[in-house]
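Asks: Protein chains in written order, with the numbering used here: chain W, 1 to 305; chain S, 1 to 275.
None of these hints come from the bench; they were simulated from the model. Note that the coordinates shown come from a computational prediction; the quantities given were computed from them, not determined experimentally. No residue lacks a Cβ here, since even glycine has one placed at the ideal position from N, Cα and C. Any given hint could be a false lead.
Here are some of the chain S residues that sit facing chain W, going by a computed Cβ distance under 7 Å [what the hints assert, rightly or not]:
#  : residue
1  : L18
2  : Y30
3  : K34
4  : G103
5  : T122
6  : P125
7  : F209
8  : A246
9  : L250
10 : P252
11 : I265
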Amino acid sequence: MGTQNVSWWGQQRNRQLALIVCFLLPSLVIFFLYRILPLGWNVILSFQSWSPLRPAEWIGFEHYVEMWEYDDVFWIALKNTLIFIAASPLAIAAALGVALLVNSDLKGASIYRTIVFLSYPLMAIAVGIIWRWMYDERGGIINYALRSAGLIDKPIGFLQDFDWALPSVIFAEVWQILGFYMIILLTGLQSIPQNLYEAARIDGAPAWARFFRITIPMLRPSLFLCVVVGILNSFSSFDLVYIMTNGGPGHATELLITHIYKAGFVQTKFDYAAALTVVQFALLVALTFVANKAAGGNAGAVERD
Amino acid sequence: MASRSKHATLLGLRHLTLMVIAFFMLVPFYWVIKTAITNENIYAYPPSLLPQNPHLFNFVDVWYLIPFPRYLLNSIIVSTIAVVGNVVFNAMAGYALTRQFAGRNLVLALFLSCMLIPFQATIIPAYLITAKLSLLNTYFGLALPMLSTIVCIFVFKAAFEAVPRSLIDAARLDGLSEWRIILRVLMPLSKPAIATNVILTFIWSWNNFLWPLLITRDPLMQTLPLGLARFLSYLEDTTGALYAFAVMVLAPSILVFLMAQKEFIRGLTSGATKG
Chain W
1 MGTQNVSWWG
11 QQRNRQLALI
21 VCFLLPSLVI
31 FFLYRILPLG
41 WNVILSFQSW
51 SPLRPAEWIG
61 FEHYVEMWEY
71 DDVFWIALKN
81 TLIFIAASPL
91 AIAAALGVAL
101 LVNSDLKGAS
111 IYRTIVFLSY
121 PLMAIAVGII
131 WRWMYDERGG
141 IINYALRSAG
151 LIDKPIGFLQ
161 DFDWALPSVI
171 FAEVWQILGF
181 YMIILLTGLQ
191 SIPQNLYEAA
201 RIDGAPAWAR
211 FFRITIPMLR
221 PSLFLCVVVG
231 ILNSFSSFDL
241 VYIMTNGGPG
251 HATELLITHI
261 YKAGFVQTKF
271 DYAAALTVVQ
281 FALLVALTFV
291 ANKAAGGNAG
301 AVERD
Chain S
1 MASRSKHATL
11 LGLRHLTLMV
21 IAFFMLVPFY
31 WVIKTAITNE
41 NIYAYPPSLL
51 PQNPHLFNFV
61 DVWYLIPFPR
71 YLLNSIIVST
81 IAVVGNVVFN
91 AMAGYALTRQ
101 FAGRNLVLAL
111 FLSCMLIPFQ
121 ATIIPAYLIT
131 AKLSLLNTYF
141 GLALPMLSTI
151 VCIFVFKAAF
161 EAVPRSLIDA
171 ARLDGLSEWR
181 IILRVLMPLS
191 KPAIATNVIL
201 TFIWSWNNFL
211 WPLLITRDPL
221 MQTLPLGLAR
231 FLSYLEDTTG
241 ALYAFAVMVL
251 APSILVFLMA
261 QKEFIRGLTS
271 GATKG
């Protein structure tokens, strides 16, 4: 009963704890409302038959069965999403090349860096509009350049052609994200202790050996981060696909995220869209897990909003 | 001597490669600006590589063809709410994490795992929750999911931890309250963290498309990226005004980025280096 004279609030420790809780509360509420709660709700919704005007009804795995057996678009979207993700290692390799070129005391390195990175902070919708115009069949500069160089006779409708549409969208996406990969890899390169290279040079290790024995292993955390960003990108490229092709022609550029959007907000099948989201999220977690294993376990924290 | 000339050749090759890369990275910028300032039939073949009779009429047209001022106003309001909310909430959470308290590790683990949940994976429930809160078609609803950012919380945490402990103790001995210590000592010493936070949040919020697409049905509440998409679907891509619109929308983020590249990059890589 020693606290009779001092109220709960009067105690220094409790006051500090209250302060800390108040300080954390706004962020925790936002993350709870828009990250954690939705994740759980998605799972619950995916096992229900529900629409805003009907009461919910448990239907077990029905949505998943429908997806697996009857939804052709799901399979196309899944394939396209995997192609989209599979393209990211190529982009990361290219970014590594650029990072190696602009690393070290090259004159003007910061200018090159700025130029390569300039496309990253841009609005994806505007980037999509620019690339639509670059790819245009009639007045687009890409067709003009290819025709002038004599590589093609007839203009190609890059975004209207079933075979060209997906690679074209991926190329535009790579143009935008390349600088981001480069920056991450540069940060990684700059954290490699230089004496490792000196020691290797004294031992007479050739350049390629230094690259594969020192640079690549030391870059693992950065490479892992790039791979995770590449995986997450299959979600966040919604904007670019929406504006460039909206999944077309047919479903040639349909990604899981555009399929989710259309199921949920065009056809208002929220329950089915939730099941699709669960599948894509599971895919994301699984791929990240594999990447983490490949990078040799706990490879560092991940960021991206 | 031979080795020096070889070195010079290598250096030249590096510059050449980088110039080619830089050229290809810049072509889209050139092409959109060129189209935005020309009046010719943009489908003429072959297209002229240089702008013919450049002018700025397309930029004026945008203001009349669509409710551009309204989109601009909406974008500015939402970005402002998001930026202010982020600086305040992230600084608060970042400060709390510099203190020892029960459950601190749990909160840290929670934040780190939330980073792995892309917003796009939450759209269906996020929409339903926002509808339940009756925040559809409101500025606050547009900004709410973006009001706090985990990366930026960690940026603040690192900045606060870098402030010498003795300075804080001295301030406490002088009788400054907790609030005053934060406002008068920690925040002024964390200006780079604030800058990083402002820039990242501004760019994210300015570019955000999916969330406004989901929750704003009212054209009066739509933001610039939605306006751009609307322009494309109503007026087709047959006019230079579309590209003038795109240029105007891109300009603020490019300017902000060029002015504060260092802070921007620090924010993005703070997760990569894992502090």
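Asks: Taking 7 Å as the limit, does the beta-carbon of T122 (chain S) come near enough to a beta-carbon in chain W?
Replies: holds (3 Å)
Asks: Next item in the hint list is P125 (chain S). Is there a CB on chain W closer than 7 Å to its CB?
Replies: holds (4 Å)
Asks: At a threshold of 7 Å, is the proposed contact between F209 (chain S) and chain W supported by beta-carbon distances?
Replies: holds (5 Å)
Asks: Would the hint on I265 (chain S) stand, with a C-beta cut-off of 7 Å toward chain W?
Replies: holds (6 Å)
Asks: Quick one, is the Y30 (chain S) hint okay against chain W at 7 Å, beta carbons?
Replies: violated (9 Å)
Asks: How about L250 (chain S): closest beta carbon in chain W under 7 Å, or not?
Replies: holds (5 Å)
Asks: Any CB of chain W closer than 7 Å to the CB of G103 (chain S)?
Replies: Violated: closest Cβ of chain W sits about 9 Å from G103 (chain S), beyond 7 Å.
Asks: Against chain W, with CB atoms and a cut of 7 Å, does the hint on L18 (chain S) hold up?
Replies: holds (5 Å)
Asks: Is the hint on K34 (chain S) kept, meaning its closest Cβ partner in chain W is under 7 Å away?
Replies: violated (9 Å)
Asks: Holds or violated: is there a CB of chain W closer than 7 Å to the CB of A246 (chain S)?
Replies: With Cβ-Cβ at 4 Å, under 7 Å, it holds.
Asks: Tell me if P252 (chain S) is really an interface residue toward chain W, meaning its C-beta lies closer than 7 Å to one of theirs.
Replies: violated (10 Å)
The structure is inconsistent with the numbered hints 2, 3, 4, 10, although it conforms to all the rest.
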